[in-house]
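6 protein chains.
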Amino acid sequence: MEMKEFDLLALGEILLRLSPPNNERIVRGDTFEKQVGGAELNVVSGVSLLGLRTGIISKIPANNIGIFAKNKVRFGGVSDDYLAYDSEKDARLGIYYYENGAFPRKPGVVYDRMHTSVNKISVEDFPESLFSSTKCFHTSGITLALSEQCRKTGIEMIKRFKEQGAIISFDVNFRLNLWSGDEARACIEQILPYVDIFFCSEDTARLTFDKEGDVKDIMKSFTQDYPISIVASTQRTVHSPKVHSFTSVIYEKETDTFYEEPSYKNIEVVDRIGSGDAYVSGALYGLLSENGSCGKAIRYGNASSAVKNTIPGDMPSLNLNEINAIICDHNNTGYQSEMNR
Amino acid sequence: MEMKEFDLLALGEILLRLSPPNNERIVRGDTFEKQVGGAELNVVSGVSLLGLRTGIISKIPANNIGIFAKNKVRFGGVSDDYLAYDSEKDARLGIYYYENGAFPRKPGVVYDRMHTSVNKISVEDFPESLFSSTKCFHTSGITLALSEQCRKTGIEMIKRFKEQGAIISFDVNFRLNLWSGDEARACIEQILPYVDIFFCSEDTARLTFDKEGDVKDIMKSFTQDYPISIVASTQRTVHSPKVHSFTSVIYEKETDTFYEEPSYKNIEVVDRIGSGDAYVSGALYGLLSENGSCGKAIRYGNASSAVKNTIPGDMPSLNLNEINAIICDHNNTGYQSEMNR
Amino acid sequence: MEMKEFDLLALGEILLRLSPPNNERIVRGDTFEKQVGGAELNVVSGVSLLGLRTGIISKIPANNIGIFAKNKVRFGGVSDDYLAYDSEKDARLGIYYYENGAFPRKPGVVYDRMHTSVNKISVEDFPESLFSSTKCFHTSGITLALSEQCRKTGIEMIKRFKEQGAIISFDVNFRLNLWSGDEARACIEQILPYVDIFFCSEDTARLTFDKEGDVKDIMKSFTQDYPISIVASTQRTVHSPKVHSFTSVIYEKETDTFYEEPSYKNIEVVDRIGSGDAYVSGALYGLLSENGSCGKAIRYGNASSAVKNTIPGDMPSLNLNEINAIICDHNNTGYQSEMNR
Amino acid sequence: MEMKEFDLLALGEILLRLSPPNNERIVRGDTFEKQVGGAELNVVSGVSLLGLRTGIISKIPANNIGIFAKNKVRFGGVSDDYLAYDSEKDARLGIYYYENGAFPRKPGVVYDRMHTSVNKISVEDFPESLFSSTKCFHTSGITLALSEQCRKTGIEMIKRFKEQGAIISFDVNFRLNLWSGDEARACIEQILPYVDIFFCSEDTARLTFDKEGDVKDIMKSFTQDYPISIVASTQRTVHSPKVHSFTSVIYEKETDTFYEEPSYKNIEVVDRIGSGDAYVSGALYGLLSENGSCGKAIRYGNASSAVKNTIPGDMPSLNLNEINAIICDHNNTGYQSEMNR
Amino acid sequence: MEMKEFDLLALGEILLRLSPPNNERIVRGDTFEKQVGGAELNVVSGVSLLGLRTGIISKIPANNIGIFAKNKVRFGGVSDDYLAYDSEKDARLGIYYYENGAFPRKPGVVYDRMHTSVNKISVEDFPESLFSSTKCFHTSGITLALSEQCRKTGIEMIKRFKEQGAIISFDVNFRLNLWSGDEARACIEQILPYVDIFFCSEDTARLTFDKEGDVKDIMKSFTQDYPISIVASTQRTVHSPKVHSFTSVIYEKETDTFYEEPSYKNIEVVDRIGSGDAYVSGALYGLLSENGSCGKAIRYGNASSAVKNTIPGDMPSLNLNEINAIICDHNNTGYQSEMNR
Amino acid sequence: MEMKEFDLLALGEILLRLSPPNNERIVRGDTFEKQVGGAELNVVSGVSLLGLRTGIISKIPANNIGIFAKNKVRFGGVSDDYLAYDSEKDARLGIYYYENGAFPRKPGVVYDRMHTSVNKISVEDFPESLFSSTKCFHTSGITLALSEQCRKTGIEMIKRFKEQGAIISFDVNFRLNLWSGDEARACIEQILPYVDIFFCSEDTARLTFDKEGDVKDIMKSFTQDYPISIVASTQRTVHSPKVHSFTSVIYEKETDTFYEEPSYKNIEVVDRIGSGDAYVSGALYGLLSENGSCGKAIRYGNASSAVKNTIPGDMPSLNLNEINAIICDHNNTGYQSEMNR
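From first to last, the protein sequence lines are chains L, C, E, D, S and U. When you number the first sequence by full-length UniProt numbering, it's gap-free, plus one each residue, and the end is 341. When you number the second sequence by full-length UniProt numbering, it's gap-free, plus one each residue, and the end is 341. When you number the third sequence by full-length UniProt numbering, it's gap-free, plus one each residue, and the end is 341. When you number the fourth sequence by full-length UniProt numbering, it's gap-free, plus one each residue, and the end is 341. When you number the fifth sequence by full-length UniProt numbering, it's gap-free, plus one each residue, and the end is 341. When you number the sixth sequence by full-length UniProt numbering, it's gap-free, plus one each residue, and the end is 341.
Hints listed in this document are in silico derivations from the structure and should not be mistaken for laboratory results. It is possible that part of the hints are untrue.
Given that identical chains are not distinguished, each listed pair holds provided it fits within a single copy or across any two copies.
Calculated cross-link-like contacts (lysine-lysine; reagent style DSBU-like; alpha-carbon spacing at most 35 angstroms) [stated by the list, open to error]:
1. K216 to K120
2. K265 to K159
3. K89 to K296
4. K135 to K220
5. K89 to K211
6. K89 to K253
7. K265 to K152
8. K120 to K4
9. K211 to K162
10. K265 to K4
11. K89 to K220
12. K120 to K89
13. K162 to K265
14. K4 to K162
15. K120 to K265
16. K4 to K211
17. K159 to K253
Quantities reported herein were computed from a predicted structural model and do not represent experimental measurements.
Construct the entire structure; sequences and hints are all you get.
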């Protein structure tokens, strides 16, 4: 395959995340922690930390909040070359407020993401060269759900990247507060003919796509209905807001093989947000990096997701050596050091 | 019943609480978190967050520490109409220093609550109209234990509110560092003839009131000895400073019925202080709100207490919708979302 | 004059204010300080701290950000009885991001206040009794500028309060980023026939109302054109972002008198935001409190404004004793203690 | 002179100081900065930082707040050998709440220092060897003013140290909120016959001791009335809470000489508390250290005080090299580096 | 035994520890928590908190970072009499960066401890009287591993203290990043003839000293090969970074007895660093304090280590009463209070 | 001129900067603020914020501290393409500890920058293409002073970039703690034949280069002795640690013209570090950007430096619009807004 400037580009909204420290509540307290996230940004940042070249395609306000987001994108190892800036008077960055949970109190989110600059994003905001600059393009259902304009741009980008030979990765990432299951299905079915790598949880498959049978049947069926090569489905068990277990299944159509791994058990959850995106990042790294394979995808996907739960904020923060050590420990039944030093 | 200005008024000391952040110790570190609490204040604030109208009756110094306390009372949704101010030179707000525990280190408290302004409180500090302004009056054994003057005022207020038709609620809240079991019993027996709703733990009933038999026998016996309508008793299991389980029993004399509920298991404790008061607040809400009942009391009491353990500081911080969702999850055995969004 | 429940009610938007600590910039850093403000809220909170009974009329989202705002309103001594809640999906609280300046860097603000819940406010959100519950009603040009709906509601409220005998106070508070000078003049001229107390800076009078002559001519002319009783005009000198001087002039039509006072020189500015609103609060206190007069208004107005500059956040934070001591020092040429203890 | 274990011991109360960060107010905010101070502790810590061996004589509670104070005493370079511990139930450490000022808002203090453990201090709390262990003993009028018991202990200690050959240093440190001028004078006149080094401001000399004439006449008169060797008087000019100037005069009886120095002009005040104590520490260092003299005392006194104003908290924090550099710059009219590196 | 000035002196490096707050990562964030630690310092501080007199022997830079370390040494109750200062241009304090773990992310350490001032330490830096001033001398394998010069000084000090009658305590504390197992064994075998109390984990005994058999055989064998009186070996089980269990075995040669105790199970780990050193401190306290014995050593050792895990930073922070209460609870199967108040 | 990938590349050390918050001292307190800086990094980051494409050439450790530095480089808008990583065991990033001053206390720095990874940097660490990738190359005397290896690499890079047609910019940045004046002169005279843009303060010119005459004579003389095109010299007046004034002179050889501008007076200094580097960044922007000129250089240089003083940390943080507004205000004598909104 010819060398491209980027290994992965993703289209998605960038959000300002504001959260009270520790277990404080949104309704009280004097400070917010100030972070930046977004499903697709989280994915590309994770892939970048593992060593590939990535960038985010988005539209942000041309004010100091937008610049803060840009700075954080760069801090996360992601290229800001394809950030478009909105200089209109009503330009704004979406916000979400997040507070941690502790059993029996669940984590809570307040969204303030309407009327944001990303909803003005258009294919015309970017040069034609964008579409030939990457090996893989990723986006998620959240982008399609945000607005008519986002949906239109997302679908057009998928087609344009596909034309230029990019691998298309798509994560359903269904959010009931953004659209209904029916809306989601109708929209997503339009793009599935272009998708190569498909991320969809079992619940979403059943509720949104009316799939039946066990999870493996469901995963396989997507590759039968559409020219999808790989389907990945995460399996999270929430013991409490502070304790989860995590694993996943990946189905490879070409070899008709399911890849599985024992779950990461009793993860000590610090911040669960973005752990699904971290899974996608690990899986895409496993597929796009040298000697990529579904086996590599499941190992890096599971490890990336498990460990993201231990890191504050949306974006992952482990480099390749660190993830390799996690994977190694996960498969090691002998003596393990208790500390990295 | 005629409409009163308040659903609940409570008499009690307001304390400044100073605590090192996270797991730091009092003997070290550069900052204290600055909060306000007090058994009865915690109760009325909890009831207020659930939607009833409440106020606190207390006496605080007429200086900036007192004003801080007043501001926090208001922040907690509680009326400051019945705060009396002490302008004397020796006016002071009681303080307690609190540090979190982690097994095998228990949480620790250092009290500095002697010689405080609340010990000067008197019925004369308030207008006559106070006693006819509420549907229910609550106080606890702590108030009676603080000093001779507090005891006198507390007992007189119980009688005055009773005369004006208020429901009288009393929480024994026995503290060995304030008085002995014999002192407590002698004092409390004076007020039991006026009490309608009685909160008393099994341990206290045995040790302080020399009760015998199982917890239900004991609870029932109080209603036989005194004209008490409802007795509530909490049951906390401390697995470690960071993991508790919690439930309670409520006995209703009129129907000779015990109300029980499965316990909240493995609560992820962030701050245990005030969880007993939160129980009282939930129970009183269950009894005083529209369609009040002992069944409602046990559900809101248990949920309020369980969830208080997850919130920093003395005072609770969940509104009615949030508590309803907790109760709903507690009784739901099917699918549960992992996050509120 | 008959006794009303409130001395002062004000209509205005409540904003979440987010600011990096100290001299950090918005584009960097990990935390925001989380405060609440708004021109009219700042006014009523200041009046409340001086001892009168006040409330804010506004519409806020029925989510945890709205509840945070409500809690802070109460913390500031202001009644939340007339807060309407917006439960729609697009409910949101306006935000502004503020950073401090230091010469030659000016303070900076990024606004994100479009599409907010206050823009849905309507007279129908409140009971009829609202309009007869206060001695004085205050609002500002910001409220009228926010949207068509705010303007309509603001104008109607002015008329309804006036009908019920309330004194009407109005602060032009001209903001070029909200409307043009022509729009402002056209709108404000509609309400001037109802206004009793009028706050307007010299610059605004010249630029927006095309007034000419010296500041005293201009102030007097408003009382000639409209049935305005009192006109107040602040005079701020900005030596640097950290050093201001401040005074004002008040004109009383009835006695044809100008009230003036030597300026507070070289104020050590900590946070300039809200110092204009603090002026209004001090002036209104001076007029509405017992033995109110324009002389009292100018003394409390100037002192309140000067001292607000030294306090972080939008809302003032000094009680009557503290303001009295400031006023006393301002007029005292002899020995002064250097500390309050 | 024979070698003693300590160069300086001082008797005085140790207080917990709680202050909101930066310019926040006591009545608001979520944190207090947690420090320890006290007039005499500040003095001995300053002397210790300059290289002499010092200790504090006091009584503190035998709880974790007391241990925090002890740890901070040690952190400040001061011996804790002569701290007595109060294990009674009502043991408490005095507290004061401090907030910074900014013109026109003065710094403010709220005291909560009654009923504290230091008021139980007695000569019997310490071994007889205490009195022969130091070259110099220092205390201040604050200690004498705290209570009958403190006064008794203070006076007895002065006599006992004097008997054992210690130099006696005394700082009037008059505080109107602790006693009246008449009480102060009556008490202090009892101890002046024992005092060698006497610190008294001009204002205090006039108001408390009814002295007349210019400041030099007054200073000299003390050495005529009593066997005092050295009198020092500070001269502070408060331009604003953030800008002071400072110098002092020292009178030496033996040589009938007044020592003076140009003032430190326009000190950038960060925290004014303890700057008077820092003066005493510098002056005592100048007298007690090798080649001590009044000239050295005024240089180190002025520099220590000036620089203390720039340091947060009560206790000073500059070592000998740093103070020497300050003194050198103060006397240097040529090129000066702008930074120490 | 004759009375010595100190009960325990230890030789070792003092390090500045920098750690991101909570679960933040080193590669991100705006602040570091600033602490001081070091294996031997942690030991003496722990012994000091329990009531014995201790000091640390080390060499630190004569700059403000060194002074910070000195202040913290004193804050921890340890004498700074034997700190030597390095005034050379390349003087530096070693640093280590530490971040907390959460399963599956292990805690991580980045060391920056080469070229530090401690590597210049020499017996000549200290007065001859040092060697006769203590009842016991302690050091660890870390000190011997740091450099040729440290090794030389360490070995000479062991010999000199031994000559003066001090008990010699040695903790192998093997660190693979400082030296190899072979280097360690070769060096340590030189000093074992002087050691009285020997701390060595089972793993180290096997890997470094090629010991075989069960742990008790191994422990006993050291006392057969060398004139060692007491061997202690800790047993830690790491369930996850946040949950450990801990106990130990102590072998006493004189009585040929093994001392054991049930483990502290499911310790809620806040900061694991220094818990091994805390074990040594508790064990040494148990041996060196009045009525010292191996039984006392194991009880105080286990409790000190268990509880250190719950305290942030390297250095322990519990006094004798608190440790006694922990030990009491550990052996108590009946009712336990959940809080210390 | 042909289009290059970068407008500016610079060679220099990257340092971790640790500073206590506000006016706290290094010897006390619990936290350090964690920043990254370095003379040449500060320059390229400033140029980048104004809109040109820049990168830093350096060598940093391949550990998490190095990654933190890399993330901050990217956050500052600078390319990390030419960061070499040191994986050896002794790899380390230099550190400096900084504390703010307040008159009469000067700011203070403790350096810990010996034995760092940058001292291993070599031309071989980078691809040949580096030297043809930029329009301009910048370094400073600090880089040459760090070590023999840095000097060798620096000089070779200057020659290699020059060969490839890059403009060479050099800032003397003399630091007496790194080398003597004689060493500096001897070294710098070797590279002056390659330099196009030369930054040298008047003091340094006199003391290091033995120049005489007024500042303009001196500046001109450099262009006579060497083929230098432009010489810039800053003029800072330090009124106190918190108040500076600043301007500069630029001499253009081609036109034999001196460019000057009135100084920025009474800058409210928040953090002086890096303001000299910010000057270089503004000046280089003025020269390298479209329509570059010495007039533009002095305007952007002075404004960038003045405003950097108001920003915490080493690196500048203002974008082009903001700097343009500062410049505009500096030349505007009429009405000025007091806030950017």
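Can you tell me if K4 and K162 fall within 35 angstroms by alpha carbon in one copy, between copies, both or neither?
both (14 angstroms within a copy, 32 angstroms between copies)
Regarding K211 and K162, is the shortest C-alpha distance of 35 angstroms or less found within a copy, between copies, in both, or in neither?
within (27 angstroms within a copy, 64 angstroms between copies)
Since the copies are identical, ignore which copy is meant and state whether K89 and K211 lie within 35 angstroms (CA to CA) inside a copy, between copies, both or neither.
between (45 angstroms within a copy, 30 angstroms between copies)
Within, between, both or neither: how does the pair K89, K253 come out at a Cα-Cα threshold of 35 angstroms?
neither (49 angstroms within a copy, 41 angstroms between copies)
Is it within a copy, between copies, both, or neither that the alpha carbon of K216 lies no farther than 35 angstroms from that of K120?
neither (39 angstroms within a copy, 50 angstroms between copies)
Please work out whether the CA atoms of K265 and K159 approach to 35 angstroms or closer within one copy, between two copies, in both situations, or in neither?
neither (40 angstroms within a copy, 51 angstroms between copies)
If the cut is 35 angstroms between Cα atoms, do K265 and K152 qualify within a copy, between copies, both or neither?
Answer is neither: 41 angstroms inside a copy and 48 angstroms across each miss the 35 angstroms cutoff.
I want to check one pair: K159 and K253. Are their C-alpha atoms no more than 35 angstroms apart within a copy, between two copies, both, or neither?
Only inside one copy: K159 and K253 sit 22 angstroms apart there, 57 angstroms across copies, limit 35 angstroms.
Classify it for me, K120 with K265: is the Cα-Cα distance of at most 35 angstroms met within a copy, between copies, both or neither?
Intra 42 angstroms, inter 44 angstroms, cutoff 35 angstroms: neither.
Treating 35 angstroms as the Cα threshold, decide for K4 and K211: within, between, both or neither.
neither (37 angstroms within a copy, 55 angstroms between copies)
Reference check for the pair K162 and K265, CA-CA at most 35 angstroms: within, between, both, or neither?
Neither way: K162 and K265 sit 38 angstroms apart in one copy and 51 angstroms across, limit 35 angstroms.
One pair to classify: K89 and K220, alpha carbons no more than 35 angstroms apart. Within, between, both, or neither?
Intra 48 angstroms, inter 37 angstroms, cutoff 35 angstroms: neither.
Of the numbered hints stated above, those contradicted by the structure are hints 1, 2, 6, 7, 10, 11, 13, 15 and 16, listed in ascending order.
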